[in-house]
Structure formats: C-alpha cells, structure tokens
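Novice: With the hints as your guide, set chain D onto chain E.
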Amino acid sequence: MIKQLLKISFVVMASLELVACSKSETVTMPVVTVSTKVVNDLMADTVLGLASNGMPYSAGKYTFYSLENNAIVPSTDSASAKWDLAFMSTRILTNGGTSGPALGGAFIYTGLFDDLKTISADSVFKTDNAPTYAITTGSGKGWYTYDQLTSLITPLAGRVLVIRTASGKYAKLEITSYYKGGVTLPVSASDLEKLTKQRYYTFRYTYQSNGSKTF
Amino acid sequence: MHKKPFILLFFIIPQVLWGQVKFVKDTLFAGGDSVVVTATRSERKLSNLTVPVTLINAQTIQQTGSIRLTDILKEQTGLTMTSGFGAGVQLQGLNPDYTIILINGEPLVGRTAGVLDLNRVALGNIKKIEIVKGPSSSLYGSEAMAGVINIITDASVQSPLQASLRYGTYNTKDINLNNAFSSKSLLYQGFYNYYTTDGYSIRPNSNNRITTPINRLTTSQQFKFNINEHASILINARLTDETIKSNITVSNGGVTINSNGNEHNTDANVSASLNYHFAPNFKTSFRSYLTNYISKQDLLTISGAPYNDLLNHLFKRIENQSDWAVNKNLNSIFGLGAVWEGVKSSRYDSEKLRKENTIQYGFTQWEWTPMNKLIIIGGIRFDKNATYASAWSPKLSMLYKINQYHKIRLSIGQGFKAPDFRQLYLDFTNAAAGNYSVFGSAQAQKVIEQLSSLGQIGVLYNNYYLLKALQPESSTGMHFSWEWTPSSKTFINTQIFRNDITNLIEVQQVGTYITGAQIFSYLNIGRAFTQGAELEFKQNLSNHIVLSGGYQYLITGDKDQIAQIKAGKVYTRDANNMSARLTMSDYVGLPNVSKHKAQIKINYLSQHGFFANIRIIYRSKWVVNNTNGNEVYDNGDDFAPAYYSLHSAIGKEYKNGIAVQIGSDNINNYIDALHLPNLAGRTYFINLKYQIKYKNLK
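Respectively, the protein sequence lines represent chains E and D. For the first sequence, the tail end lands on 214 under numbering that gives the first Met the number 0, and the numbers increase by one without skipping. For the second sequence, the tail end lands on 697 under numbering that gives the first Met the number 0, and the numbers increase by one without skipping.
Looking at chain E on its own, in the form it has when it is part of the complex (with noise of 0.2 Å):
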C-alpha cells in the first residue's frame, strides 16, 4: 500500500498584494492560505517481474491523482473530472485534451518551487496532445533526466510542473525522486534494484483552492 504522508511543510500567507485594476482604484485581496504537502513513494506502473526474455513487465495502468483531496482516484474514474495527474512510468497525464474530459493542462516552469510566487499572466498551458503532453516527455526535456550509463531517472533540478487541475484551478508541484524511499539510487545499486524500486514519486506540491494565481 502507497502510504501517504500529508505534512503541512509551511504555510504561505500571501501577503496583501496589491494588483493594480485602474489609475485610482487598488484592490486588496483577501489573505490566502495555501499549504505545501509532500507525497510519498507514488506507485506509477511499478515494474511487477521479469518476463522469461528478461525484460520487466508491469501492469500498464495509469495511477489517477487528485491534487484537489490529496487522494489517489479510482481508475474507473479515469473518464470523469475527478482526478487532475494520472502517472504511469516517467510519463504524466493532465486531465484534458486526449487524454481526458476535464479542463487540466500545464506547463513546466524552469525555477525554484518558493519563488514561483504568481503563475504570469503571459503564462501558456499546454494540453495533451498524444504523442506529446503539457509535461513533456523524454530526458532532460521535461521534468527528468535519464542517463544511459547508470540506467537511473534523476528528477531535474529547478523545474516546476505548473498544472491547471481538472476543475480549471492552479498548483505547482515539484517531484524529487522517481524512487522507492524518495532518493534516487546510488549508481552503484544493482540492476534489479534499479528496476524494482523506480516508479516510485516523491513529490511535494502546492494547490491554490480559490481559482487565482498566486501561491
């Protein structure tokens, strides 16, 4: 069983902000309280064996993700508006375009997770487009980087996955390992550890419950 952990890392209280509306007329918004919660060890198609030819074989399934209620969603909810992430090996789904019926999308920010205070209004969100996705695929093109060598996924440093969640909201969200226990492996580990404990996330992400885009 996945265990997941819900820490409540830090509150951010975005403080009064002014925006701007018109040459005399400035709007405070309301304090916002948003919490950074840490997911551990996310199962996404972990490798199930060795097929007799010695290629790993795994279930094939997506694993469905609700940033809204910090849950994993049933798959059989995968055509509804219920979850906001699907994850299945290094690739992740946003809930839109081909890949499902709600509003989700994203875009990868190249930055660190705390200073990525206000998603810019300039911003572009990607929806999945099959073959290619908003979080795009293949090392060192999107969020990971695969080194043919070491045969390990190492998680970019500095890059932020700004997802447009199913019902049109905003998170940030930052993974940290696609390993069992939230570290990558040594480059020394062996091959069959390298296997069975990858597909693992540990990511820790921030959702902004009240539409805006600001953290």
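Rather than coming from a laboratory, the hints here were simulated on the basis of the structure. Please note that the accuracy of each hint is not assured.
Claimed, not checked - If we take Cβ atoms under 8 Å as the criterion, some of the chain D residues that face chain E in the derived model are:
#, residue
1, G515
2, Y570
3, R580
4, M583
5, S584
6, K620
7, N625
8, N627
9, G628
10, N629
Stated by the list, open to error - Taking lysine-lysine and the PhoX-like style, the derived pairs with C-alpha atoms no more than 20 Å apart in a straight line are:
#, chain 1, residue 1, chain 2, residue 2
11, D, K343, D, K315
12, D, K568, E, K116
13, E, K140, D, K343
No residue lacks a Cβ here, since even glycine has one placed at the ideal position from N, Cα and C.
Specialist: Chain D only, in chain E's frame:
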C-alpha cells in the same frame, strides 16, 4: 673518469641499457645532454628545449617492470589513465582524443570513441618515450591539442640477441625476443613480443571478467641502410595482432544483455624514409607511411542474435622535411605533406564504402639564438582538409637561461583536432536502447530529409537547422616553467599552464522520430578550459638512492556552464533533496578529472647491478556521473573516491648478461571495479632476461 652511480629518473641518458651496468655522469645536472626530437622535429638537447618535455628512457621502463605503454605513462606527472573504450591517456586534464600518439614520429590510428587503446603498444624494444605538453599542432597537425607522445624504438645496435620471459598473476605471460645485426652499411633490429593473460575479475560475486583473456602478438622490424656518408634509408615495420575473448554485459534501461565472442584487432604500420645531407648545414628527408587498423567484433548475444562490429582505418602519408642551418644563430625547418585516409565501419551507412578524407599541409619553424642565454622558436602550420574547415596552427616559445641554476621557459601555441570520421559519418541506431539514432554531421541533414519524406520524423529541433560543416576543435595553450638546479644533487621544475578550448564538438539532439525516439548529431558548441600547475623534483639522497616525485594541481570548467551558473540559471538539490540554485563554489568542472595527482618514487641502485624501487601514485576524487538533476558536474554528483596504489620492483643484473627481476603492483590491493576497471588487485611478476654482450657497435 670520476664515476658516479647514474640516476634513474625521467632524464637519464639513453646509452645505458638494462643489463649493461655502466657508470655515467649525471647528465641531467650537467646540462641535460639527452637528445629529444619530438619538441622541435629535430635533434635538440633537453637543456635547450623551449617547451615542457618529459623523457622516459628504456632503463626506467625496465626497472619499473613496465611492459605496455599504459604501465609507464600512469607514473608520469600530469598524465592520468582513463578506462572505457580501452586504456587512454588524459594529458593535463584533456581527454585521450586530444593527444597524438606517435611511433618513431608516425601517428597510430584506430580510435574507438576517440580513445586509442595504449595497451596495444609493447615496450620491449623502445629506446625512449618523449612527451611534449601543450598544443603542438604547429608541427604535428590534428590531435596534437593537449600534447604529443612519441615512442622511439632503438635503431642503434646494442646486443645481437636478447630474450626475456615474464610470468605474473592471472597467468600473464610476456615473452620478448630482440635480435640485431650491424655492419658498416646496415643496421637491423628485430623485435617479437607475445603477451597473454587470462584476465581478471575484481567484481565480487560476479563471473564477469573486467579484463578478458587476451592473446597479443607484436613484431617490429627496423632496417637502416647507410648508402654513403650523405644518404641513408630507414625502414620500419610493425604489426600488433590481438584476440580478446569477450564476455560483454550491456545494461540499458535495466535490461541486461550478455554477449560472448571474440574481438580481433590488427594494427599494422610501415614507414620508409630517405635522408640526404646535401651539406653540413642542409639536409632533407622524404618519408612515406602507411598504417591500417582493423577491429572486428563477432559476438553472440544470449538471445542468439549475432552482433558484429567492424572498423577499418587506413591512413597513408607522404612528407618531406628539410632542415637548414642559416647561420650559427638561426636554424629553420620546412615541411610539406599530404595525407589520405579512409574508414570503413559497420556503424556507417554502408560497411563496404570507405569514407575518405585528404589533407595537404605545410609547416615551417625558425629557431633563433640571439645570445647564449636565449633561444626563441616560432613555427606555423597550415592544414587544408577536404571534408572540414582548414586550420592554421602557430606556436611561439622561448628559453631563457638566467644562470647555471635557473632557467625559464614560456610557450604559447594553438592546437586543433579535426572532426573524426565518427563525428562526420556515423549512422547508428541502437536497437537495444530505445531505437535512438546518431547521425554524423556530414550526412545528418540528408538522412533526416529522407526519413522525413518517408514520414518518419516527428519533431525537428533548432539544432537541426544549425547543422553545418564541422570546424576543428581548437585550443590555445600557454605554459610557463621554471627549472631550478641548486646543486648537482637536486632538480626542481615547476610549471603553470592554461588551455582555452573552443568549438568543442558535442553530441546534440536534433529531433525525434514519429515514435518519439531521439535523433542526435554533432555540433561545434562547447567552450572549456583547463589550468593548473605541476611540480617535479628529484633529490639524490646518497650515491645510490634517489628520491623523486611529481604533483599536478588541475582545475577545469565548461565556460558555457559557468556563465549559466553565474546567471543563476543552474539548479541543484540541497540536503533535503529540494531544488536550490547552484553556486560556483559547488561547481566541479569537467568529468573524470582529479584536482590533485601525485607520485613519489624511491630508487636504489648499487654498483653491482642490484636495483630496487618503490613507487606510490595518488589520485584525488573525480566526478563521474550527474546524479542530482542538472547537467552540470557539482559537489552533489557521483564521485569516484580518491586512491593511491603502491608498486615495487627489485632486480639484479649480472655481468654475464643474465638479469632477474621480481615485482608487485598495487601492493595495497586497492580495488574500485566501477571506476577503475583497469586496476587489477595486487599482482606479482617475475622476469628473467638474457642478453649476449656486444661491444662498441654504433
């Protein structure tokens, strides 16, 4: 004659051969009478060279028990052995691709991924090894970017027959036979070497051998005909033939494939030169050279699928060099040459079709001695190439003898490395790992256009549109050294250096297939630097004991990455695994480069032919893999740990021509199978040698 025991280091005069114990003067301290040819393409005394040169003579090689070129190079200051695609040499922080390896002035070819496996070179017949540090393309053209290693075999006859037999750990046998003949008009030297080993496994609980069983045969034949007092002809032929039993394990994406079979490599070279002295101050030589390297891998994978790989590199060169002493203060050389080379490979579009390149070049060098204390050398070379951009390579160097104790040397030069055939013509799709493709830059656009018309191309990146004729990679190097000989017992040389490299050729993704599989090609994009300092010293502790050593401090960096780090655009992971900005203090530089490398040696030599030595080699940690989520090497990445290895040999040379030697390498049994696959655990050897004495032949 006042007799002193000779000194066993890099700078011994070469007349002293193993088995012939002679006492000679300390030539190094007397002014470096040893003759070096590589630095100026003409015979110059070590003490008159303007560039940094390391000289290793036959005696040092034999007394350390070195049998392959790798054995002796790893004990030199500023040189580090690399593994992967054979044993290569990193010189002052630059990869094996950037050092040209010569045998009697002619280049060895047959590189795999830029690396020339130096285990190919047997040391049983060599007279000396000369290592020139710093860009030397002004004399040698492509590949002489970090420096030049020239292996010189012995043309002078010392003994009509000598044989040696060595046996060591892992059932390693090394058998040498040298024969020689001399008359007034003919000098002949023949050399035969047979090397075989069972290989070894240093990976615990694994039956995979790190070094697999090898059988290797080398022969070299050298003839010198003295036609008359003005003319001579020199012919050299060399053949190395090796069979390696392969048991290769390849892991890709967690899928491990075992393959069994043979790898067979043949390296043949023939050179002929005609030397003619027109006048005491003018001589010329015509040289022709042909070399062919053929490497074949025939493997069978456990799935039953065959895997065959072929590389056939043919290289021909003709060259003329003339040496003209204009007056007693001014010497010059002029050279003209042409190269034709071709490569056939199963990794190109057709293994039957040879990819070709031709080069024409010319060079000149002027050596000016305005006063006894000062020598200034300037040279320039132009290489015109058929398949890539041409290159100019200038160099300027000087030596100033401040007084009998102090000398300073300063040199600045440019070096280049031509794009190799792989970078131009590779046509390789890796079916074992996601079907990605790599296309050489000369054909990438054509191949991709064809694929595109077949509807197989998904996305083309901006890099695709940047593809154009590759430029040579080039470096500008500066070396400054200060040599201090406070007494006849002490020698200290310090050196600082810097190399700036531009136009580095790197593999870049240029697009994807419709399936999403990646397509790569080669572009000139990188900029890097290496800089550091070296210290070499020796001290006679007594008439019989010499202490010597060397140290190198090295820092390297990728200039584009540094610019990105300074702009705050590079990220790393902090102690809690969260992203953080990378600062310069955590930046490491280029991979596989150690900041510190040192060695220390103690040599003992009695008057009765008994010798003993202890050598320690140290290398500080080096970064090997990016593991913390950026494409920059920093302190959060995966390092190979620092290590040292201890080596020793003792021996005795008897007056009747018999010599016995025993030794042990890696006595401290340091093993790091992952990062140092070429370093076996502790090994022992015993060597017996006999030579027929032969006096006063020249």
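Novice: Each hint: holds or not?
Specialist: To see whether the hints hold, each was checked on the structure:
no.: 1; hint: G515; verdict: holds (6 Å)
no.: 2; hint: Y570; verdict: holds (3 Å)
no.: 3; hint: R580; verdict: holds (7 Å)
no.: 4; hint: M583; verdict: violated (16 Å)
no.: 5; hint: S584; verdict: violated (16 Å)
no.: 6; hint: K620; verdict: violated (14 Å)
no.: 7; hint: N625; verdict: holds (7 Å)
no.: 8; hint: N627; verdict: holds (6 Å)
no.: 9; hint: G628; verdict: holds (4 Å)
no.: 10; hint: N629; verdict: holds (5 Å)
no.: 11; hint: K343/D to K315/D; verdict: holds (15 Å)
no.: 12; hint: K568/D to K116/E; verdict: holds (18 Å)
no.: 13; hint: K140/E to K343/D; verdict: violated (34 Å)
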